[in-house]
Amino acid sequence: MAKVNMVTALNMALDLEMGKNGKMLILGEDVGREGGVFRVTDGLQAKYGEHRVMDTPLAESGIVGAALGLAAGGMLPVPEIQFEGFIHVAMDQICNQLGRYRTRSRGRFDLGVVIRVPWGGGIHAPEHHSDSPETVLVHTPGLTVVTPSDPYEAKGLLLSSLRLGRPVVFCEPKRIYRAMKSEVPEEDYTVPIGKARVLREGKDLTVVAWGAMVREAVAAADELQARGHAAEVIDLRTLSPMDSETVVESVRKTGRLVIAHEAPRTLGLGAEIAARVAEEALTCLLAPIERVTGWDTVMPLALLEEHYLPDRKRILAAAAKTLAA
Amino acid sequence: MALEFKFPDLGEGLSEGEVVQWKVKVGDQVADHQALLEVETDKAVVEVPAPAAGFVLSIKGGPGTVIQVGEVIAVIGSEAELKALPVSAPPPPAPETPPAPPPRPIAPPPEPYTVERESVGVVGRLEEAPEDEPPPRPAAPAPAPVAKPRVEALPKDRELARRLGVDIDLIHGTGPKGRVTEEDIRKAAALGAPERGAHAAEGVRGSDAFGPVERVPLRGVRRKIAQAMTDSLARTAQVTTMDEADVDSLWRIREKQKAQALKEGVHLTLLPFLVKAVVGALKRVPEMNTFLDEEKGQVVFKAYYNIGIAVDTQDGLIVPNVKDADKKSILQIARELSELAQKSRRRTLAVGDLKGGTFTITNYGSIGGLFGTPIINYPEAGILGVGRLTDKPVAGDGAIRIRKTLPLSLTFDHRLVDGGHAQHFLNDVIRHLSDPDLILVGM
Numbered sequence: 001m002a003k004v005n006m007v008t009a010l011n012m013a014l015d016l017e018m019g020k021n022g023k024m025l026i027l028g029e030d031v032g033r034e035g036g037v038f039r040v041t042d043g044l045q046a047k048y049g050e051h052r053v054m055d056t057p058l059a060e061s062g063i064v065g066a067a068l069g070l071a072a073g074g075m076l077p078v079p080e081i082q083f084e085g086f087i088h089v090a091m092d093q094i095c096n097q098l099g100r101y102r103t104r105s106r107g108r109f110d111l112g113v114v115i116r117v118p119w120g121g122g123i124h125a126p127e128h129h130s131d132s133p134e135t136v137l138v139h140t141p142g143l144t145v146v147t148p149s150d151p152y153e154a155k156g157l158l159l160s161s162l163r164l165g166r167p168v169v170f171c172e173p174k175r176i177y178r179a180m181k182s183e184v185p186e187e188d189y190t191v192p193i194g195k196a197r198v199l200r201e202g203k204d205l206t207v208v209a210w211g212a213m214v215r216e217a218v219a220a221a222d223e224l225q226a227r228g229h230a231a232e233v234i235d236l237r238t239l240s241p242m243d244s245e246t247v248v249e250s251v252r253k254t255g256r257l258v259i260a261h262e263a264p265r266t267l268g269l270g271a272e273i274a275a276r277v278a279e280e281a282l283t284c285l286l287a288p289i290e291r292v293t294g295w296d297t298v299m300p301l302a303l304l305e306e307h308y309l310p311d312r313k314r315i316l317a318a319a320a321k322t323l324a325a
Numbered sequence: 001m002a003l004e005f006k007f008p009d010l011g012e013g014l015s016e017g018e019v020v021q022w023k024v025k026v027g028d029q030v031a032d033h034q035a036l037l038e039v040e041t042d043k044a045v046v047e048v049p050a051p052a053a054g055f056v057l058s059i060k061g062g063p064g065t066v067i068q069v070g071e072v073i074a075v076i077g078s079e080a081e082l083k084a085l086p087v088s089a090p091p092p093p094a095p096e097t098p099p100a101p102p103p104r105p106i107a108p109p110p111e112p113y114t115v116e117r118e119s120v121g122v123v124g125r126l127e128e129a130p131e132d133e134p135p136p137r138p139a140a141p142a143p144a145p146v147a148k149p150r151v152e153a154l155p156k157d158r159e160l161a162r163r164l165g166v167d168i169d170l171i172h173g174t175g176p177k178g179r180v181t182e183e184d185i186r187k188a189a190a191l192g193a194p195e196r197g198a199h200a201a202e203g204v205r206g207s208d209a210f211g212p213v214e215r216v217p218l219r220g221v222r223r224k225i226a227q228a229m230t231d232s233l234a235r236t237a238q239v240t241t242m243d244e245a246d247v248d249s250l251w252r253i254r255e256k257q258k259a260q261a262l263k264e265g266v267h268l269t270l271l272p273f274l275v276k277a278v279v280g281a282l283k284r285v286p287e288m289n290t291f292l293d294e295e296k297g298q299v300v301f302k303a304y305y306n307i308g309i310a311v312d313t314q315d316g317l318i319v320p321n322v323k324d325a326d327k328k329s330i331l332q333i334a335r336e337l338s339e340l341a342q343k344s345r346r347r348t349l350a351v352g353d354l355k356g357g358t359f360t361i362t363n364y365g366s367i368g369g370l371f372g373t374p375i376i377n378y379p380e381a382g383i384l385g386v387g388r389l390t391d392k393p394v395a396g397d398g399a400i401r402i403r404k405t406l407p408l409s410l411t412f413d414h415r416l417v418d419g420g421h422a423q424h425f426l427n428d429v430i431r432h433l434s435d436p437d438l439i440l441v442g443m
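Chains A and B are the protein sequences, given in the same order.
All residue numbers for the first sequence refer to the working numbering, where the first residue is 1 and numbers rise by one.
All residue numbers for the second sequence refer to the working numbering, where the first residue is 1 and numbers rise by one.
It is worth saying that the hints were derived from the structure and are not from the lab.
It is possible that some hints are incorrect.
Unchecked claim - If you want the footprint, here are the derived chain A segments under chain B, 3+ residues with CB under 8 Å: (1) 160-168; (2) 263-273.
Unchecked claim - Have a look at the derived ranges for each label pair, beta carbon to beta carbon: (3) Arg227(A) to Lys6(B): 37 to 43 Å; (4) Gln225(A) to Leu191(B): 49 to 55 Å; (5) Gly211(B) to Pro241(A): 45 to 51 Å; (6) Asp169(B) to Asn96(A): 50 to 56 Å; (7) Pro241(A) to Leu218(B): 53 to 59 Å; (8) Trp295(A) to His172(B): 41 to 47 Å; (9) Pro141(A) to Pro212(B): 46 to 52 Å; (10) His307(A) to Val20(B): 35 to 41 Å.
Idealized CB from N, CA, C, for every residue including glycine.
With these hints in hand, go ahead and build the complete structure from the sequences.
So this is what it looks like as structure tokens:
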């Protein structure tokens, strides 16, 4: 089995599904000849032709709008928004149209559109290229929001998304696009949507993360282990619908919760998770819930990026706080 | 005066940079904050501004030169200083090999995820996995420790349980879904509280100027002890005298009789003999069995002998007394002593057991220590401290023998008793302990 990075794993998933499903199309800025700025769609245009892998003008609203029409016509469009910062340009199509189509049509049109978006910070990129606006999408009804944390997960989750038959925003943590490799089977396999993954079991505290933050959470858990504390690490995988059951079940056991995300603190998904745990498992909490997040300000440029992004150390500090309480 | 401009710390733990290009050359006039050079660091290319206005007297290195934080990279001076430079002063040859680099400043330890290999994309820089990375896929998850779900309780009730020193996990909840309620906790506390010291139950954690502390209210036995000790020291004139008793023969008696005593259900120690010796001494030195009635200005001589025994309990020191010790046999006293000790520890003493003492014995030697300065159980006139029984070489009759030796410390209230009386008392106690036959004949 080949050990590949996330970019390759995603490419494998797209290639596999394009081969199987003649209705699948890819469209976006530079996705064709260039193969995408991060090379996720590399080689696909050469293999499947310009009519199935299409370069579009720089117009996110148009890209998603076109995808919506294609899906209503029975195709499986997979648009790429080049960076998460530009998804806001397409929010009218996503929020006002795509997410509502099923309800609006009383179930006659359930649009299978998978919008792939490179997500998050950590690559020293310019403004609008390092954000984590997942809250906006999770808050939008009608969307499924997915984010993988390693190559194996990426291929399996993307294949599930492509077969879901509903609008999906697939957030790809670009910071770990190439930073880790894992064994990814050539074969077809899926990772379930809507089900969080318990990466590591522990009895002393629960750490919830997703995307690139999972790697930091695991590193923190390693260090906690060395100090004699067993941390349970949960990769949320699907942000909407959120598998809070797995989180609540874990907190019932550990009594302590640390949530780590790159997005700003206020109304970041950590707030929603904390609220659900308070609703379901308040009586099991041994310490206040800790959130380790980005700050309530614009994601800074490269020089200060590391001050903004939560890391192993900040997760550890929060864990220590809950363990001391 | 020329200004030596050192490569500034650009933050982020950067310790060095690489010169991209100089924007000035030697001889140039520069304004304050004018860009001097471009430096590439691990993170970015930055322009380094001039620290002051003046003339560039020298610069260091050219494109590609690595410069360390703190290293002098340029000298800026006045026009006069520029003119004073030797005419032949050559402008710095561009990519000149720099002189031996200064010692490297101590770099911070590397972060666990330093970007070791980077691939430059169209936008930004991506961290690249090493070719042979151990699989990041969760290796077989470590066997999970078995953990049972937490008991259900509201945070406010957990807080209450903590304050009352009750282990909430051990309480059976009677609330909805088996939740442990406030009432459950209070009931558990009422049942279990005496088992725990006041300290664990009521401490409030905080910190003072020097570190973390826990504040515990002064309550119960502890408060009474504090009050009694302060009273005793404030209202009497205490002096302590110390001596040793040779208890070799007494020890032999005790060894010989303890089996017989056990048959009677009594654990025989030296203490009842001590009580008997003290009672005898009190009779012979009655000043030691008095108290001072300050109101009436009278010394009250007591004709009864209730000997108090200090008992160490979890909550603190408690001093019940053996009533009329002069009228009781050693075995009787032994039995009473063990009953009183047990009642003290269970906190089931009657008030009468604690009142009416005339003199106290404190046997700290059972824990350790030789001599002490016991504090009088006010308003009594004296207290006898008993140290640890030891085997000691004793010189006597021209020979050195190993003897069982008991260290004694007598504190007396000098208002009532003078040193002579006190020493006579102590001598009498020692004499009876050394020659237990005297106890037998009641002398």
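Hint check results:
no.	hint	in the structure
1	160-168	violated (count 0)
2	263-273	violated (count 0)
3	Arg227(A) to Lys6(B): 37 to 43 Å	holds (40 Å)
4	Gln225(A) to Leu191(B): 49 to 55 Å	violated (38 Å)
5	Gly211(B) to Pro241(A): 45 to 51 Å	holds (48 Å)
6	Asp169(B) to Asn96(A): 50 to 56 Å	holds (51 Å)
7	Pro241(A) to Leu218(B): 53 to 59 Å	holds (57 Å)
8	Trp295(A) to His172(B): 41 to 47 Å	holds (45 Å)
9	Pro141(A) to Pro212(B): 46 to 52 Å	holds (49 Å)
10	His307(A) to Val20(B): 35 to 41 Å	violated (24 Å)
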